[in-house]
Amino acid sequence: MRVLIALIAGSLFGTGLLVSGMTDTTKVQGWLDVFGNWDPTLAFVMGGAILPMLIAWRLTQSRKPLSGGNFPVPPKPEMDRRLIFGSVLFGMGWGLAGLCPGPAMASLSYGGFEGLVFLVAMMAGMFAAPKVGAQLDRIANAT
Amino acid sequence: MNPEWIWGLIGGLLIGLGAAVYLLGNGRIMGASGILGGLVDGSGKSEAKERLAFIAGVIVMPLLLKPLIAPQAATHLTSDLAVVIIAGLLVGIGTRIANGCTSGHGVCGISRFSLRGMVATVFYILAGGITLVLFRHVWGLI
Numbered sequence: 001m002r003v004l005i006a007l008i009a010g011s012l013f014g015t016g017l018l019v020s021g022m023t024d025t026t027k028v029q030g031w032l033d034v035f036g037n038w039d040p041t042l043a044f045v046m047g048g049a050i051l052p053m054l055i056a057w058r059l060t061q062s063r064k065p066l067s068g069g070n071f072p073v074p075p076k077p078e079m080d081r082r083l084i085f086g087s088v089l090f091g092m093g094w095g096l097a098g099l100c101p102g103p104a105m106a107s108l109s110y111g112g113f114e115g116l117v118f119l120v121a122m123m124a125g126m127f128a129a130p131k132v133g134a135q136l137d138r139i140a141n142a143t
Numbered sequence: 144m145n146p147e148w149i150w151g152l153i154g155g156l157l158i159g160l161g162a163a164v165y166l167l168g169n170g171r172i173m174g175a176s177g178i179l180g181g182l183v184d185g186s187g188k189s190e191a192k193e194r195l196a197f198i199a200g201v202i203v204m205p206l207l208l209k210p211l212i213a214p215q216a217a218t219h220l221t222s223d224l225a226v227v228i229i230a231g232l233l234v235g236i237g238t239r240i241a242n243g244c245t246s247g248h249g250v251c252g253i254s255r256f257s258l259r260g261m262v263a264t265v266f267y268i269l270a271g272g273i274t275l276v277l278f279r280h281v282w283g284l285i
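Residue numbers (this note's numbering), protein chains in the order written: chain B, 1 to 143; chain F, 144 to 285.
Don't read these hints as lab results, they were simulated from the structure. Certain hints may be false.
Derived Cβ-Cβ restraints for the label pairs, each shown as a range [to be verified]:
| hint | chain 1 | residue 1 | chain 2 | residue 2 | range |
| --- | --- | --- | --- | --- | --- |
| 1 | B | N70 | F | M144 | 38 to 44 Å |
| 2 | F | I212 | B | G68 | 32 to 38 Å |
| 3 | B | K131 | F | L269 | 23 to 29 Å |
| 4 | F | G185 | B | G36 | 36 to 42 Å |
| 5 | B | G68 | F | G185 | 23 to 29 Å |
| 6 | F | P210 | B | L116 | 17 to 23 Å |
| 7 | B | G112 | F | I212 | 18 to 24 Å |
| 8 | F | A217 | B | R81 | 35 to 41 Å |
| 9 | F | G185 | B | D137 | 19 to 25 Å |
| 10 | F | H219 | B | L59 | 33 to 39 Å |
| 11 | B | D80 | F | L206 | 36 to 42 Å |
| 12 | F | K188 | B | L4 | 19 to 25 Å |
Backbone N, C-alpha and C define an ideal beta-carbon position, used for all residues, glycine too.
Only chain B is shown next, with the shape it has when bound in the complex (with noise of 0.2 Å):
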C-alpha cells in the first residue's frame, strides 16, 4: 500500500516536472536571470503546487493517513544556522546549473551524459552532507 502510494505520488511529480518545463534548465535560469529575458514559469508552477497543497494540509487537520500513523508534525519555527546556510549552498548550486533535486532525477532519461554526472555529483554531496553539517557545527561553535 504504501510502495504504490508512493508510486503513484511519485508519477504525479515525475509528470509535472515535465509537463511543466521545470526539467529546462534555460527555464528555471531565466525566472533567477532578473537582469535578463525574464521568463515568469517558475512562479506559475510554485503557484499551481501550492494550491493542491493548501487543500490537502487542511484535510490533514481531520484526519490520519491512508495508510496509517500519523502526520507529521509542524517543525519548531526556529531558524538555524543549518537552513540559512544549506539553503544558500543550494541556491549557489541552482543558479549555477538550473536543476534542483527532483528535475535532476526526472530529466535522467534525456538530461544526457551532462545531467548523469550532475546526479552522481549530487548523490556525492547528500553521502557528505552529514560530515560538512558536522564540520559547520563544529566552527561555529569555537567561534
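The hints should help you fit chain F onto chain B, whose structure is shown.
Just chain F, lined up with the frame of chain B:
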C-alpha cells in the same frame, strides 16, 4: 497568456497533486532531496522500498511520456563539466544540510505557512539569483 505559463500551471498542479497524495496517503512530506538523500546516507533505510518506488515514478514517467507530450523537451544543461560537478555537489550538500529543497521547503513548506520553509525558499532563491547574475553577467563565466 503565454502557453508556456499555462503548461507551467498545469505541471505545477500535477506536482502539488503528487505531494498531496504522498501526504494524505503515507503521511509524509514529499521532498525530493529528503527521499533520495535518505537512501544515499542510509538514514532512511527502513522505508527504502517506498523511497525507491517514488523515485521510480519520477524517472519512469518522463521517460514514457516525453515522446507523447513533450518530444522537444531538453534539459539544456551546460556541457562545462566543472560547473556541472560543482553545482551538483552544492545542491546535494546544501539541500541535506537545510533539510529540504524546492519541493519540501518550497511546495510543502509554503503551503503549510511554515516559517522555516518560507525562509529557506527566500534564501535559496536569493542565492540562486545572485550567483547566476554574478557568474553570467558580471564575470561571464557561465
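| Pairwise beta carbon distance, F:I212 to B:G68, judged against the given window 32 to 38 Å | Holds: the Cβ-Cβ distance is about 35 Å, inside 32 to 38 Å.
| request: Check the following: the C-beta atoms of F:K188 and B:L4 are separated by a distance inside 19 to 25 Å. | output: For B:L4 against F:K188, whose Cβ atoms are near 20 Å apart, the range 19 to 25 Å holds.
| query | Falls inside 23 to 29 Å, the C-beta gap from B:K131 to F:L269? | reply | The hinted range 23 to 29 Å holds for B:K131 and F:L269, with Cβ atoms some 26 Å apart.
| request: Given the range 36 to 42 Å, decide if the beta-carbon distance of B:D80 to F:L206 lies inside it. | output: holds (38 Å)
| task | Just tell me: holds or violated, for the beta carbon distance of F:G185 and B:G36 against 36 to 42 Å? | result | Given range 36 to 42 Å: holds, Cβ gap about 41 Å.
| Do the beta carbons of B:N70 and F:M144 sit within 38 to 44 Å of each other? | Once the Cβ atoms are compared, 41 Å apart, the range 38 to 44 Å for F:M144 and B:N70 holds.
| message | Range first: 35 to 41 Å. Now tell me if the beta carbons of F:A217 and B:R81 are that far apart. | response | For F:A217 and B:R81 the Cβ distance comes to about 38 Å; the hint holds.
| said: Between the beta carbons of F:G185 and B:D137, is the distance compatible with 19 to 25 Å? | reply: Taking Cβ atoms as reference, F:G185 and B:D137 lie about 20 Å apart, which means the hint holds.
| field | 17 to 23 Å as the expected CB spacing between B:L116 and F:P210, which holds or is violated | value | With Cβ atoms ~20 Å apart, the hint holds.
| Range hint compliance [Cβ, F:H219 to B:L59, 33 to 39 Å] | holds (38 Å)
| query | If you check the beta carbons of B:G112 and F:I212, does the distance land in 18 to 24 Å? | reply | holds (20 Å)
| Distance restraint evaluation - B:G68, F:G185, Cβ atoms, bounds 23 to 29 Å | holds (24 Å)
Of the numbered hints listed earlier, not one is contradicted by the structure.
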